[in-house]
Amino acid sequence: MILMREVQMDLISGEKLEKMTSMEKIRLILDKVKTGRIVVLESGLTPDEEVRLIEMTMTEIRVDEFSGIEIESYPSKKEGSFFDKIFGRSIKGRMTVIGPANQIRTIEKDKYQISTKVSVGD
Amino acid sequence: MGFISSFKDSLGAWIKSIFKKKRAKIGIYGPPNAGKTTLAKRIVHDWSGDDDFGNVSHIPHETRRAMRKEGVVINANGSSIELDIVDTPGMATKIDFKEFMAFGLSEAESKKRAKEATEGVIEAIKWLDDLDGVLLVMDSTEDPYTQVNVTVIGNMEARKLPLLIVANKMDLPNASPARIKAAFPQHAMVQISALEGSNIDDLYKAIAINFG
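Residue numbers (the working numbering), protein chains in the order written: chain A, 1 to 122; chain B, 1001 to 1212.
Errors might be hidden in some of the hints.
Unchecked claim - Some, not all, of what chain B presents toward chain A, calculated at C-beta under 7 angstroms:
| id | residue |
| --- | --- |
| 1 | Lys1094 |
| 2 | Ile1095 |
| 3 | Asp1096 |
| 4 | Lys1111 |
| 5 | Ile1125 |
| 6 | Trp1127 |
| 7 | Thr1141 |
| 8 | Gln1147 |
| 9 | Val1150 |
| 10 | Thr1151 |
| 11 | Gly1154 |
| 12 | Asn1155 |
| 13 | Leu1161 |
| 14 | Met1170 |
| 15 | Gly1197 |
What the hints assert, rightly or not - Quick list of in silico lysine-lysine cross-link-like pairs, DSS-like style, CA-CA up to 25 angstroms:
| id | chain 1 | residue 1 | chain 2 | residue 2 |
| --- | --- | --- | --- | --- |
| 16 | B | Lys1094 | B | Lys1126 |
| 17 | A | Lys111 | B | Lys1094 |
| 18 | A | Lys34 | B | Lys1098 |
| 19 | B | Lys1160 | B | Lys1022 |
| 20 | A | Lys19 | A | Lys109 |
| 21 | B | Lys1022 | B | Lys1126 |
| 22 | A | Lys109 | B | Lys1022 |
| 23 | B | Lys1098 | A | Lys117 |
To be verified - Facing chain B, a subset of chain A residues (Cβ under 7 angstroms, in silico):
| id | residue |
| --- | --- |
| 24 | Met58 |
| 25 | Ile61 |
| 26 | Val63 |
| 27 | Ile69 |
These are computed hints drawn from the structure, not numbers from a lab. Every residue, glycine too, gets a C-beta built ideally from N, C-alpha and C.
Make the full structure from the sequences, and use the hints.
What follows is the structure, encoded as structure tokens:
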């Protein structure tokens, strides 16, 4: 008999992310990833949010429980609308995939494609 | 005439002092084992003669506390710049103590190192708020599209601070600086071997140009 194991993947829309504060986004991501889910953010995080996510992740690493995250995104895009530039919002987050470090592994990444492998726990 | 000449000189020096920063606090960033401390040691040795700056190891996360060397004066490209060099712990998104055990450390040593490494990553992130520029060290034999590289570059761009990419480990046969340049073409890059010191003068010129 073949046992099928499953991984839950949550794709979070840009609209939902826009309404959330940075801390809400980081908490949402970590809560999901710590339960073994893979999270895909349609519009990604800002560079500052990415670094805060890494910082928060470090504080939550526990031996034999949580060893951190695998996060992959494309380099930020500088292009924005005229008003974005005026108000200093010219750096846009891009699609980002985040998962538990012990379950997701990046196979290949370049400017145009991110390939990851997801393994299912025992 | 003397007064006018003297006034012009003073005005020139004043304008230069405003628009050309001559002292900068520079952070050395990158993933674990990219050669950050080897580079920091070489810079500090070359320009201050101090041979006692940081430890180097093949085990990742050897540097787990940021170290600062103040007042390193670099003379290159016809100018002089005084740097505070901050060697930061390797940035990572995951730290598993079992990886250290693979290098022969005991379980207790590995767990201690892992705990200190997580604190080191946090410290490196905190330093980003207090720098004038970054030397981002990449291992030329590795894929440059790591999240650490993407995140550090994104943060420097968002803060509008200068960044110089150091393509390190050029002494290794499979080094590919072209791959780094293709990944981040918008940023200045210098290819060196911090271990052997090759092309190090090009790095000092680039530091004077980018951070001076």
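Status of the hints after comparison with the structure:
1. Lys1094: holds, 3 angstroms
2. Ile1095: This interface hint holds because 6 angstroms falls under the 7 angstroms limit.
3. Asp1096: Status holds, d = 4 angstroms.
4. Lys1111: Holds: closest Cβ of chain A sits about 6 angstroms from B:Lys1111, inside 7 angstroms.
5. Ile1125: It holds, given that the least Cβ distance between B:Ile1125 and chain A is near 5 angstroms, below 7 angstroms.
6. Trp1127: violated, 11 angstroms
7. Thr1141: Violated: closest Cβ of chain A sits about 16 angstroms from B:Thr1141, beyond 7 angstroms.
8. Gln1147: holds, 5 angstroms
9. Val1150: B:Val1150 check passes; min Cβ-Cβ to chain A is 5 angstroms, inside 7 angstroms.
10. Thr1151: With a closest approach of 5 angstroms, the B:Thr1151 hint holds.
11. Gly1154: holds, 3 angstroms
12. Asn1155: holds, 4 angstroms
13. Leu1161: violated, 12 angstroms
14. Met1170: Violated. Min distance 22 angstroms.
15. Gly1197: Status violated, d = 31 angstroms.
16. B:Lys1094 with B:Lys1126: holds, 18 angstroms
17. A:Lys111 with B:Lys1094: holds, 23 angstroms
18. A:Lys34 with B:Lys1098: Cα-Cα ~19 angstroms, so holds.
19. B:Lys1160 with B:Lys1022: holds, 18 angstroms
20. A:Lys19 with A:Lys109: violated, 29 angstroms
21. B:Lys1022 with B:Lys1126: holds, 24 angstroms
22. A:Lys109 with B:Lys1022: Violated. A:Lys109 to B:Lys1022 sits at ~39 angstroms, over the 25 angstroms cutoff.
23. B:Lys1098 with A:Lys117: Holds, at roughly 21 angstroms.
24. Met58: Status holds, d = 4 angstroms.
25. Ile61: Since the shortest Cβ distance to chain B is 5 angstroms, the answer is holds.
26. Val63: holds, 6 angstroms
27. Ile69: holds, 5 angstroms
The structure is inconsistent with the numbered hints 6, 7, 13, 14, 15, 20, 22, although it conforms to all the rest.
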